[in-house]
Amino acid sequence: VEIGGEFTRAVRAAKGGLLLRKPGSTVSNSKASNCWIIVPAYNEHSLIGKVLGELVELGRQIVVVDDGSTDSTWLEASKHPVHILRHAVNLGQGAALQTGIFFALREGAEYLITFDSDGQHSPGDIAALLGPLTAGEVQVTLGTRFGGQMRNDQTPRMRRLVLRVAAWAARKRTGLRITDTHNGLRGFTAEAARQIEITHNGMAHASEILEIIAHKEFTYKEVDVSIEYSPYSLKKGQKLSNSFNILWDQFFGKVR
Amino acid sequence: MLEHLLLFIGQAQADPLIEEGVGGHGGPVIKIVLIVAGFLLSVFYFKKLKSAMLDRLLVVVGFCAMVVVVINPGLTTEIAQNVFGIGRGTDLLLYLTVVFYMLLIMLIFSRVRANERHLTQLVRELAIHQAHEPDKSEKPSGEPR
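Just so you know, the protein sequences line up as chains A and B, in that order.
Each residue of the first sequence is one higher than the last, beginning at 1 in my numbering.
Each residue of the second sequence is one higher than the last, beginning at 257 in my numbering.
Don't take each hint at face value.
[Unchecked claim] Selected chain A positions facing chain B (in silico; Cβ < 7 Å):
(1) 81
(2) 83
(3) 84
(4) 85
(5) 86
(6) 87
(7) 88
(8) 89
(9) 95
(10) 99
Think of the hints as simulated: they come from the structure by calculation, not from any bench.
Model, not experiment: these values are computed from the prediction.
Backbone N, C-alpha and C fix where the C-beta goes; we use that ideal spot for every residue, glycine too.
Chain B with its partners taken away, still in its complex shape (with noise of 0.2 Å):
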């Protein structure tokens, strides 16, 4: 997911320098700044966050792409308007984006009801086994007086 969003950031702050005349070649601050911010980010994923081997190999993917989309920003325009027929790279972008969240929050939001019934059994448990019993000598009996 991490990887993914990397690649968004990077294509989407390097894609307007196109716009504003720029060409595809935008100066070199904003493009070492990335490259060392998805650098840090996909390092930070891995050694923070143990993952599996399937989400290290998009992250390393997904590393790539922001870089050869960062170094040539006309890349994203080309394959928007030639695979899908859309004018600018930064609109594709902006299309993905908006589906890359909306993904991202049905999955957190999933992911927090599954937390919320585990808590809830969790505080259940804990609940029964240290009841508090009613004094032995003043305990009903279950039938009416």
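So here's chain A without its partners, still in its complex pose (with noise of 0.2 Å):
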């Protein structure tokens, strides 16, 4: 494939530390309300068919963010009438996220919502998130599990409470009112996005985004959205390593 010319250009930009400008002119399809969702994926192949499935019924723009896997998760996705961007090697869902965001972005997206390809989030839950941003009542709406309707008691115990302590911990760092740190389902103006850079390309981007929030001033609001939890989302979520860097991500922030 010819990627002569753009990957000499990558690797300028990527020494001048400046990030990519479009080519041509941008795409003009900004509508009333141009939403782009934004997927971030890394070796879902068994889960990401359904998930995209059930999101393109919703008929917006959807990227997903391949973030090098070393399975068929791209060609799961190419299934589906989706923008797929695919990081050459695995750099971590923080950085998948800002590659997503970046490109619709620059494609003309006016809101933005990040939804996690492992099938934790509801598509249902999409438009909650959406309501307050098209109102033009708030800047970035943050789901949450641990809202006061819709208590979600499917929450495995030690997981609450790690997730729990985490809350307590960026409420305090932070200021921010927030119940729920680690929620995937995030929804933000193209405002907003424009100003967010996560440079932590691991699962730290949680308490970046926070940061984010708190340091810029967005307004922000947290929406009941519902998380499922199934044996495998499980299986990934419940490693003691995992808890170990949502707490310490919480209570220590960027002095990493």
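Each of the two chains sits in its own frame; use the hints to bring them together as a complex.
Laid out in structure tokens, this is it:
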């Protein structure tokens, strides 16, 4: 494939520390509510097909960021009418989100929703995240599984405890009124998204996003969303190191 | 950096000879081995790693210093006692080595972070340039159906 020229440009841009400019004109399909759904994915071949199948039904623009998967994630995603970006190597979820955000903004997105690819989220919740954004009420919406009415009793006890402590630490640290720090369902207006630069490639982006919201003084709102715990997502989420990292990030944030 | 390392290796290995009662006159074999090793490393540094002028100067100075202390290991003890008030040259070397290694680790760490940042930018640019577009026929409009 002819990547020679592009590659050199990329190297130059990387050296200069600046990000990419679109060569031609931007896509001009900016209708009243041009909303993009960003789906970071790493080795999710077993579930991403189902997730995308449901998301496509919403009729929104979808961009999947395949974060250097070593399985057939790309192939599964390509069966659906979605944009797919592929990281040549695995960089981490934070980096994948940033790539998706950058691409969506470049394509003229007005509203951006991030949505995990492991089947935890319900596509039906997206409308609730989008509502306050399109109404001009807030700049950022954050999904929470610990909201008042929809208190989700599916959350395993240990995981709930870890997330509760993490949220408490994040409240103390950033001053934000939040109940769930590690919910992959988030919504941003383009204005807010343009100011977000995730530098932590790994999972620490959760605390980094909160820091940016607090620092830039974005208006924000938590929205009740459901989280579905499948045996698959539980296996992924319940590693001890995962809990440790969640707590560490929320207590110490960017100090690392 | 490398030149300091050479210096320390040279001294650290030459020095224990004093403790063993050789009285600063270690056997000629180890001295030759250390000097040859230092020389080869310096040459390697010159040839393979194209470095700045200051770096080269430091390598030369480091190598010369190494030769001096390898030939005369008692010198480090004199410096330790008279300049720093430390009992043995070996101890002085240990302290300096610890500080040197900590500095080295920090430098390497920051280098790694910078590389990581560059890699991320590179991978991101490539990903966006080679974006896979959805089939035009089925392309969603961005409006809810």
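Here is how each hint holds up against the structure:
For residue 81 of chain A, the suggested interface contact is upheld, since its CB lies about 4 Å from the closest CB of chain B, less than 7 Å. Interface hint status for residue 83 of chain A: upheld, as the beta-carbon distance to the closest one in chain B is roughly 6 Å, under 7 Å. A least Cβ separation of about 4 Å between residue 84 of chain A and chain B falls short of the 7 Å threshold, and the interface hint therefore holds. With a least beta-carbon distance of about 4 Å to chain B, the hint placing residue 85 of chain A at the interface is held under the 7 Å criterion.
Annotation: interface hint on residue 86 of chain A holds; nearest CB of chain B at approximately 6 Å, less than 7 Å. For residue 87 of chain A, the interface hint holds, since its Cβ comes within 7 Å of a Cβ in chain B; the closest pair sits about 5 Å apart. A hinted interface residue such as residue 88 of chain A counts as satisfied when its beta carbon comes closer than 7 Å to some beta carbon of chain B; here the least separation is about 5 Å, so the hint holds. Restraint check, residue 89 of chain A versus chain B: the minimum CB separation of about 6 Å is within 7 Å; hint holds.
Interface hint at residue 95 of chain A: satisfied, since its Cβ lies 5 Å from the closest Cβ of chain B, which is below the 7 Å cut-off. About 5 Å separates the beta-carbon of residue 99 of chain A from the nearest beta-carbon of chain B, less than 7 Å, and the hint is met.
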